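Protein chains: 4
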Amino acid sequence: MMIVMRDGASEQEIQGVIDKLHAIGAEAHLSRGEFKTVIGAIGDREKISEIPLAALPGVEKVIPIMKPYKLVSREFHPESTLVKVGPVEIGGDYFTVIAGPCAVENEEQVIASAKAAKKMGASILRGGAFKPRSSPYSFQGLGEEGLRLLARARDITGLPVVTEVVDVRHVVVVANHVDVLQIGARNMQNFLLLREVGMQQKPVLLKRGMSSTVEELLMAAEYIVQGGNTNVILCERGIRTFETATRNTLDLSSVPIVKNLSHLPIIVDPSHATGKREVITALARGALAVGADGVMVEIHPDPKAALCDGPQSLDFEQFGEMMEELKTMAPPLGRIV
Amino acid sequence: MMIVMRDGASEQEIQGVIDKLHAIGAEAHLSRGEFKTVIGAIGDREKISEIPLAALPGVEKVIPIMKPYKLVSREFHPESTLVKVGPVEIGGDYFTVIAGPCAVENEEQVIASAKAAKKMGASILRGGAFKPRSSPYSFQGLGEEGLRLLARARDITGLPVVTEVVDVRHVVVVANHVDVLQIGARNMQNFLLLREVGMQQKPVLLKRGMSSTVEELLMAAEYIVQGGNTNVILCERGIRTFETATRNTLDLSSVPIVKNLSHLPIIVDPSHATGKREVITALARGALAVGADGVMVEIHPDPKAALCDGPQSLDFEQFGEMMEELKTMAPPLGRIV
Amino acid sequence: MMIVMRDGASEQEIQGVIDKLHAIGAEAHLSRGEFKTVIGAIGDREKISEIPLAALPGVEKVIPIMKPYKLVSREFHPESTLVKVGPVEIGGDYFTVIAGPCAVENEEQVIASAKAAKKMGASILRGGAFKPRSSPYSFQGLGEEGLRLLARARDITGLPVVTEVVDVRHVVVVANHVDVLQIGARNMQNFLLLREVGMQQKPVLLKRGMSSTVEELLMAAEYIVQGGNTNVILCERGIRTFETATRNTLDLSSVPIVKNLSHLPIIVDPSHATGKREVITALARGALAVGADGVMVEIHPDPKAALCDGPQSLDFEQFGEMMEELKTMAPPLGRIV
Amino acid sequence: MMIVMRDGASEQEIQGVIDKLHAIGAEAHLSRGEFKTVIGAIGDREKISEIPLAALPGVEKVIPIMKPYKLVSREFHPESTLVKVGPVEIGGDYFTVIAGPCAVENEEQVIASAKAAKKMGASILRGGAFKPRSSPYSFQGLGEEGLRLLARARDITGLPVVTEVVDVRHVVVVANHVDVLQIGARNMQNFLLLREVGMQQKPVLLKRGMSSTVEELLMAAEYIVQGGNTNVILCERGIRTFETATRNTLDLSSVPIVKNLSHLPIIVDPSHATGKREVITALARGALAVGADGVMVEIHPDPKAALCDGPQSLDFEQFGEMMEELKTMAPPLGRIV
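Keeping their order, the protein sequence lines are chains Z, G, S and V.
Position one of the first sequence corresponds to residue 9 (my numbering), numbered consecutively onward.
Position one of the second sequence corresponds to residue 9 (my numbering), numbered consecutively onward.
Position one of the third sequence corresponds to residue 9 (my numbering), numbered consecutively onward.
Position one of the fourth sequence corresponds to residue 9 (my numbering), numbered consecutively onward.
Keep in mind the hints are simulated off the structure, nothing from the lab.
None of the values given here were measured: they were computed from a predicted structure.
Note that CB positions come from ideal geometry on N, CA and C, so glycine has one too.
Be careful, since some hints might not be right.
Ranges of calculated distance between the beta carbons of each label pair, as one might list FRET restraints [as the list claims (entries may be wrong)]:
id : chain 1 : residue 1 : chain 2 : residue 2 : range
1  : S       : G94       : G       : S88       : 41 to 49 angstroms
2  : G       : F84       : V       : N268      : 34 to 42 angstroms
3  : S       : F84       : G       : F84       : 49 to 57 angstroms
4  : G       : S88       : V       : M207      : 53 to 61 angstroms
5  : V       : N268      : G       : Q23       : 19 to 27 angstroms
6  : Z       : G235      : V       : E332      : 41 to 49 angstroms
7  : G       : D15       : S       : G94       : 30 to 38 angstroms
8  : G       : P339      : S       : G100      : 53 to 61 angstroms
9  : S       : S18       : Z       : E152      : 19 to 27 angstroms
10 : V       : A159      : S       : K92       : 25 to 33 angstroms
Just a few of them, taken from the derived set where beta-carbon distance is under 10 angstroms, the chain G residues facing chain S [unchecked claim]:
id : residue
11 : I26
12 : D27
13 : K28
14 : H30
15 : E251
16 : A253
17 : L258
18 : S261
19 : K267
20 : H271
21 : A292
22 : A295
23 : G299
24 : T336
25 : P339
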């Protein structure tokens, strides 16, 4: 922690900061320039962070030097983490494709999607049972019935299943039905939910909030890992910007950035990021090329009849073409699709 | 709903859209330009919105004409809603000042804050008992003990109390202790929590999400009102932008915009928006001037010892000066502080 | 300048940074924590900033401690600057109202607008002669003919005139016709144009770029002042965000922020910021309340026939009402309208 | 153009809009819903766009249906445009790599960079002679001397040269020295400069403004093409968002979006977008994968001594590795590096 004092801060103000640091057993390292004095605080990070340094008289700003997360950092754990989902291992040489409908609508739709996903080479089935929707008038999902249909699709195809959990009271029941618990973008900073899934051992797919920085994503993951669950898969899904050509702006830079900062695997969701079917295959290729560990895409037997997000869903033929492209381009990148 | 067809959409594609509309009993109104054909969908809005029009072949985009909320709109309810909080009425001539510490830390701190708030002219006491924090290593609040301390402060000062509820399982117990349930910015689209407070009759203070549009704020309010609770107070608290001089960018334009679109009262929180004590009084004046129904500011007996958000807290003397300024400038604006 | 070394930076890397600093006569102040080493660079700021410190081996990041501007800072010049525009003084007790049409369209329109502006109490006339437009197919302004019409309006009403200059080749001719040279938002970082107006003595109205931080606005002003022209008036006009309810998001927080950081006056343009006539008066009141030195608003004799920005123009009656509101609310704020 | 009337707009207001349309020879197509009336304007687009429809009484909003650009659209010119730069053809099967230093510093540096670029397989040399810098205290480039050094580097290596032009008065002289005129991000909406390069025949590299939408980028290109110069290469270089892990957020989605909307080639600049050397190769791979026609990257013989943007420059070895990766992954994508 570096504490930058205002121009002309008094000796008393400088001493005030130093005293506060000494009081908790930290060292204060003083650096005086012509105009500015900077105090380096050295000692127990958590104790130091509890002092409201920025509120002390004479302080201009406090600049954190240490990263605000620890367990998820690559410095703490240099080797990349592999997350096992049934027979699948995310974070290694395999580039994992997760596919399925936005929402589970009925048995026929979800079974057909699962079979197509399986046939084309996807490794995990996705499908929403509890849907958070901006409008109270939109389709809200089938709830527990959706979980049962997903489980049936898994039984038939052998594909592990990921679904979103939105309610702290449902975590256990959802964990009983599915293989991966998804925390949606809107819940990335629902800290109660993070703590709850942190107490499970089921892998968690943590989507980046649409207005969250990479650092905040890693801090959200820290909540889960701190609870004891180290099986966290991060997911880039676009951030909110002024651009309206796509629903959100997919931030593919976040993939190599996260790879540098953290040992956790990261996948990409081009479907929700863009909301536009016609660019999804291109961005799935981009995800593979920048080093992501997988993609999650929405498919539907009949997108034009979908109850949710039809415009961004691939039909099975389009999905098959996407898989072919990914399979073809993966080897020179050292990945297997 | 206007459906814009792609250039060169075929007659069959156009007919496909029309057929879908007719199938649910809606009218299709066709408008052919030199390059573009536009189809106006006229009929039951909810039925129309269930058709995945944007996914139909030949459709370029779907443009909603109707607003996506109804109960909170001024068109539905032209008169401004007054929300009663104990003896206070929010949304009328009074400009309501809510003040108190970011977090309830101990009895002495909250009682001192409540007394200062009361003495300087605030109408409602705020204080956080359950704190959502970006880092798992930050102070998370006193929990139920905090609720009891807030209730004691109310008993002593007579000020009604507002506190944030973060957990669907706590809504009832929090509602039993306090006078206003606050939904924080991070939970603005926690739809479960919105439904839960919608089933209470306690007034709800709904903060705008930091990456939410005004329209999304109103849709979140619609969730609550649709549940039967019409006592919703909106709160502008800054949005996330590229600017780093303030923590977020306070969007004071949203106040007159909301006043045009909705009958609900709206207040402003300059403390969280900016994170900077030195601009809070100026922005509180701004809030009053643009037509907000109140402000919520953080005060603390000793900001430099605060466990949370010290740099943005006013001490009692600064708060007193702010109140004086607001009282002086209110009359020409037709408001009473 | 604080140079933060990566975890585990070698002694050689640390020494490499120190050597670079010593080579230009600066001091290196070393601060070693458990994980991180931080080096404070103390010495001639400009010389230090020329070393590519962030590119040196072992460096994680470089944190500037000093502000990147000097001449426009309040630390350099503690007293507020007053900019004289004919009989008007911007930056003192007077709250200056600048009004006029978006674009000069013809003699009748600009003379009528000038007379209305004068009659209602505005101090300066605005009007665009050279219009930067996003589309090549939009009205681009009358050019020099527009300048002549503005000069005529000044002769008739006595109001000084401000107009935008977009071309370095036009700076002298525009300066000969008008009283204030406006640098538009799109040109805030057109450094050639900044240098050119910096060589004039005519006051400059510098609008904040729509994606510029406050710091960048002040650096743009530094370009002008460094050239010798200290008559700079800053103008907040909204920044680009995800919100679509207004054209841009008016950042009224920037006003008290700028007042703290700089001695230059700052005004607010609610017309361009919002693009919505119905919120302009409220935001003009907000500008006055947060401490701005004036507002600039668009007026038009017949907004529904305007060639440019009709939807955000006030008609004369609406403008008169705005002026009445500002006059009424100014005294308790210690301002004169 | 669809004109949406306010709820309860009067018959007179509706007729007012219709009359305005009829007055310029356009048709008005009326569509009445239960609450809303929508008027479709059919006729000459430019004439219609000159009526200030949004300012007419009773109008809620005006929704453009047609795209605001024409000459650059794929609808107007379905085949992809190939831009010839010396022996290089941008926009076809070749994936063009442009490399060179941020700024031309001296003969040795630029010649070394040119030779390395050539040797590793780049097709075009970049280098800044006139540098737009946020701070007046930063290195501003060598100016004309820089142009001469670039020309010498071309003579030695045979690589065509691209450099930024910032001043309308320099367009001709720069065009005489180099092969491609670059319009920088800050000048994307410097319409005078766009018109000036539109009157040349030299290819233009048009960088996306850091707060510009894809639509605005295409409108800027329209300015150039409308002037007669169809040799425009677009360049995605990151947009400004709240994320601070990278300097800007590289919007790789814009590549397939632009490919759908326009016939112009588009390349990607990961160096300026991120400012971080360690992610540039990953994002260059991403650019190739999403379908860009090339990349532009900064290289320097000794990044840690660079006068400009050292932290984002690759050294020659890193650049060689990047080229190898691109060459290896290109064939399955149908591209040649």
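Hint check:
Our hint of 41 to 49 angstroms for G94 (chain S) and S88 (chain G) holds, since their Cβ atoms are close to 44 angstroms apart. For F84 (chain G) and N268 (chain V), the Cβ-Cβ distance of about 39 angstroms falls inside the hinted range of 34 to 42 angstroms, so the restraint holds. For the pair F84 (chain S) and F84 (chain G), the beta carbons lie near 55 angstroms from each other, so the given range of 49 to 57 angstroms is met. S88 (chain G) and M207 (chain V) have their C-beta atoms about 57 angstroms apart, which keeps the hinted 53 to 61 angstroms range intact.
For the hinted restraint 19 to 27 angstroms between N268 (chain V) and Q23 (chain G), the CB-CB distance of approximately 25 angstroms keeps it satisfied. Distance hint check for G235 (chain Z) and E332 (chain V): the Cβ-Cβ separation is about 43 angstroms, which falls inside the suggested range of 41 to 49 angstroms. Roughly 54 angstroms separates the CB atoms of D15 (chain G) and G94 (chain S), a value that falls outside the hinted 30 to 38 angstroms. Evaluation of the 53 to 61 angstroms hint for P339 (chain G) and G100 (chain S) yields a failure: the beta carbon distance comes to about 25 angstroms.
Between S18 (chain S) and E152 (chain Z) the beta carbon distance is about 57 angstroms. The supplied range of 19 to 27 angstroms is therefore violated. Between A159 (chain V) and K92 (chain S) the beta carbons are some 49 angstroms apart, a value that contradicts the proposed interval 25 to 33 angstroms. The closest approach between the C-beta of I26 (chain G) and any C-beta of chain S is roughly 30 angstroms, which is over the 10 angstroms cut-off, so the hint fails. Violation of the interface hint for D27 (chain G) is found here, the shortest Cβ-Cβ separation to chain S being roughly 32 angstroms, above the 10 angstroms cut-off.
For K28 (chain G), the interface hint is violated, the least distance from its beta-carbon to any beta-carbon of chain S being 28 angstroms, above 10 angstroms. At a threshold of 10 angstroms, the smallest CB-CB gap from H30 (chain G) to chain S is about 32 angstroms, leaving the interface hint violated. Interface restraint check for E251 (chain G): the shortest CB-CB distance to chain S comes to about 5 angstroms, inside 10 angstroms, so the restraint holds. For A253 (chain G), the shortest C-beta to C-beta distance to chain S is roughly 5 angstroms, which falls under 10 angstroms, so the interface hint holds.
The restraint placing L258 (chain G) at the interface with chain S holds, with a minimum CB-CB distance near 5 angstroms, inside the 10 angstroms limit. Hint status for S261 (chain G) relative to chain S: holds, with the closest Cβ pair at about 5 angstroms, below 10 angstroms. At a threshold of 10 angstroms, the smallest CB-CB gap from K267 (chain G) to chain S is about 8 angstroms, leaving the interface hint in force. A cut of 10 angstroms between beta carbons decides the hint on H271 (chain G): the least distance to chain S is about 16 angstroms, and the hint is violated.
Here the hint on A292 (chain G) is kept, as its CB sits about 9 angstroms from the closest CB of chain S, short of 10 angstroms. The beta carbon of A295 (chain G) is positioned within 10 angstroms of a beta carbon in chain S (closest approach about 8 angstroms), and the interface hint is therefore held. Using the Cβ-Cβ criterion of 10 angstroms, the hint placing G299 (chain G) at the interface with chain S is satisfied: the shortest such distance is roughly 5 angstroms. Look at T336 (chain G): its Cβ gets to within about 4 angstroms of chain S, closer than 10 angstroms, so that hint holds up.
A least Cβ separation of about 8 angstroms between P339 (chain G) and chain S falls short of the 10 angstroms threshold, and the interface hint therefore holds.
In summary, the numbered hints that this structure violates are 7, 8, 9, 10, 11, 12, 13, 14, 20.
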